[in-house]
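Participant: Take a look at the letters that make up each chain.
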Amino acid sequence: MATRGASSATGVTEMASVPRKLAWRIGEVVETSPDTARTKSLLLQIPGWEGHRAGQHVDVRLTAEDGYQAQRSYSIASAPEDSRVELLVERLDDGEVSPYLTDELRAGDGLELRGPIGGWFAWEAREGGPLLLVAGGSGIAPLMAMIRHRQAAGNDTPIRLLFSSRSYEEVIFREELERLAAEDETLQITHTLTRSAPPGWKGYDRRIDEEMLEEVAFSPRERPLAFVCGPTPLVEAVATTLVGLGHEPARVKTERFGPTGG
Amino acid sequence: MSGGFISRGFRGRRRRTEGDVRIPPGQYLVEGFPVLSAGPTPHTPLEEWDFTIEGEVDGPRTWSWEEFRAFPSEEITRDIHCVTKWSKLATTWEGVSVDSLLEVVDTAVEYVVAFCDGGYTTNLPLEDVTGGKAWVAHTYEGEPLAPEHGGPARLLVPHLYFWKSAKWVRGLRLVNEDEPGFWESLGYHNHGDPWREQRYWGD
Amino acid sequence: MDENRLDGNAAAGVLAEIFNFEITTARVACVRCGAAGEIGSQMAYVSEIGTVVRCATCDNALIRVARQDDGPQRYWLDLKGIEYLQFE
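Line order of the protein sequences matches chains A, B and C.
Be aware that the first sequence starts at 1, since it is given in my numbering, and climbs by one per residue.
Be aware that the second sequence starts at 1001, since it is given in my numbering, and climbs by one per residue.
Be aware that the third sequence starts at 2001, since it is given in my numbering, and climbs by one per residue.
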């Protein structure tokens, strides 16, 4: 029979309650702001929030009246310097949590969450770079936090962002990215549109591949820090390709979104 | 639990139907078929797949995929219940009953351990996989069982929590002493009867 | 390509319920193959039944966590797959 005492012969220990740093708390939705047709930013005021590092995420938990709960992770898109925490939500049609967040949640509502979580996929301006950011769709969220943080910190670490979106209209944070890049030549943004491009589009119009990465990315000799975020197939292909091009594996960090999205 | 906070207007996809006698205590009905993984999805080609009965047996046996499929297959319609609280009613499967597989071996053991590609294991009393209670299932809803749901074949033991219906099963080891499996050694109840809500140690 | 296979960072939430320090940047060595790296760079399988962090090199289970939420709050933590854990 399986034993249930502490430190059993199997080497598994049943733990007593331990003091936990990470607690659930209720943030207040102060504003919701649609971005593209399928995405929305949620701006939160979180009592007791101690700040975050760009790239980290929060876990969001929804509870129905009968006690049923659903939980998902969302990257923080805002800079640590911002006064409000911004989550970027993409509405998945067959999703359980995202349609609630994009269709139902409104200013004044509470949102239960915990965080910040995940110090491994994070960047602070003082770490330097250069920074190679590769995003697929809503994978832009944690990378946007890095870009905004660098801006707020007055830092000029060179950044190259390669951003894959389905179409021009679906480029998340498009206007802000255009404005930031126009004001700052050390921030270079390259888009690729994979399903449809506007007339006269002269940019890339295909999935990210080795040739595109070779053309866009910093060379391995410059030892960039790379952060790749988005759907799993994109992330795996890009990370494998970067390593194949000579980038050090330890300097390529990935955040796969998995089947339930970001 | 959440300490009382309710998300205004959130309903979720699952629904609890109070008083529905088909649903064990604490369970919710779900529409899709959730996939819970403890490791990478194996992709064993059928030419390399086999199923083995070993351990305390007279005459351990191994069957190739063709030999396994030559056993009579039954159609099985059952409700299934996951320890994570979702239930699906009237799921339809086809598979070989464990009784048929055990018929060809001689054994007097009390327990079995199901072992799987990827290293997953689960343990059961022999009486929970015999007498028409368990199958090695290869078809779900009329289609070959998908890899994410345990294909090419998984153990199917619907009267217990679904973690006992081991995905990617490759055989049964017959043992005299019970051996807690992957989840049973990590807090999950050794038996796992959903009608007695045997989810965790001590339940 | 396995949609359920996430980066080790995805285990950060449940691990932060247990460890009081930043665990994703801790370095682990696999007891089976010896490969060493940050937990964030290993593979994580996260679901409501439990979380398993596996060696990115050989898939050995480095960390297994199960948690009971209803009634008593209990955790079960298996670290047998780790040769050592190095953290600052």
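Just so you know, not all the hints are guaranteed correct.
[Stated by the list, open to error] Computed list of lysine-lysine pairs in DSBU-like fashion (alpha-carbon distance at most 35 angstroms, straight line):
1) B:1133 / B:1085
2) C:2080 / B:1085
3) A:40 / B:1133
4) B:1088 / B:1133
5) B:1133 / A:202
6) A:202 / A:40
[Stated by the list, open to error] Just the calculated beta-carbon pair ranges, DEER-fashion:
7) A:30 / C:2031: 45 to 53 angstroms
8) B:1008 / C:2017: 24 to 32 angstroms
9) B:1179 / C:2083: 43 to 51 angstroms
10) A:46 / B:1064: 54 to 62 angstroms
11) A:210 / B:1064: 13 to 21 angstroms
12) B:1008 / A:223: 44 to 52 angstroms
13) B:1203 / A:248: 26 to 34 angstroms
[Said to hold, decoys possible] A few chain B positions that, by computed beta-carbon distances, are all more than 10 angstroms from chain C:
14) 1066
15) 1076
16) 1079
17) 1104
18) 1106
19) 1188
20) 1195
If you are wondering where the hints come from, they were derived from the structure by calculation, not from laboratory data.
Quick reminder that beta carbons are idealized off the backbone N, C-alpha and C, glycines included.
Participant: All hints, please: hold or fail.
Facilitator: Verification of the supplied hints:
no. : hint                                : verdict
1   : B:1133 / B:1085                     : holds, 21 angstroms
2   : C:2080 / B:1085                     : holds, 28 angstroms
3   : A:40 / B:1133                       : violated, 49 angstroms
4   : B:1088 / B:1133                     : holds, 18 angstroms
5   : B:1133 / A:202                      : violated, 63 angstroms
6   : A:202 / A:40                        : holds, 28 angstroms
7   : A:30 / C:2031: 45 to 53 angstroms   : holds, 48 angstroms
8   : B:1008 / C:2017: 24 to 32 angstroms : holds, 26 angstroms
9   : B:1179 / C:2083: 43 to 51 angstroms : violated, 25 angstroms
10  : A:46 / B:1064: 54 to 62 angstroms   : holds, 58 angstroms
11  : A:210 / B:1064: 13 to 21 angstroms  : violated, 41 angstroms
12  : B:1008 / A:223: 44 to 52 angstroms  : holds, 49 angstroms
13  : B:1203 / A:248: 26 to 34 angstroms  : violated, 49 angstroms
14  : 1066                                : holds, 28 angstroms
15  : 1076                                : holds, 23 angstroms
16  : 1079                                : holds, 19 angstroms
17  : 1104                                : holds, 33 angstroms
18  : 1106                                : holds, 35 angstroms
19  : 1188                                : violated, 7 angstroms
20  : 1195                                : holds, 17 angstroms
Figure legend: structure checked against the earlier numbered hints; hints not met, in rising order: 3, 5, 9, 11, 13 and 19.
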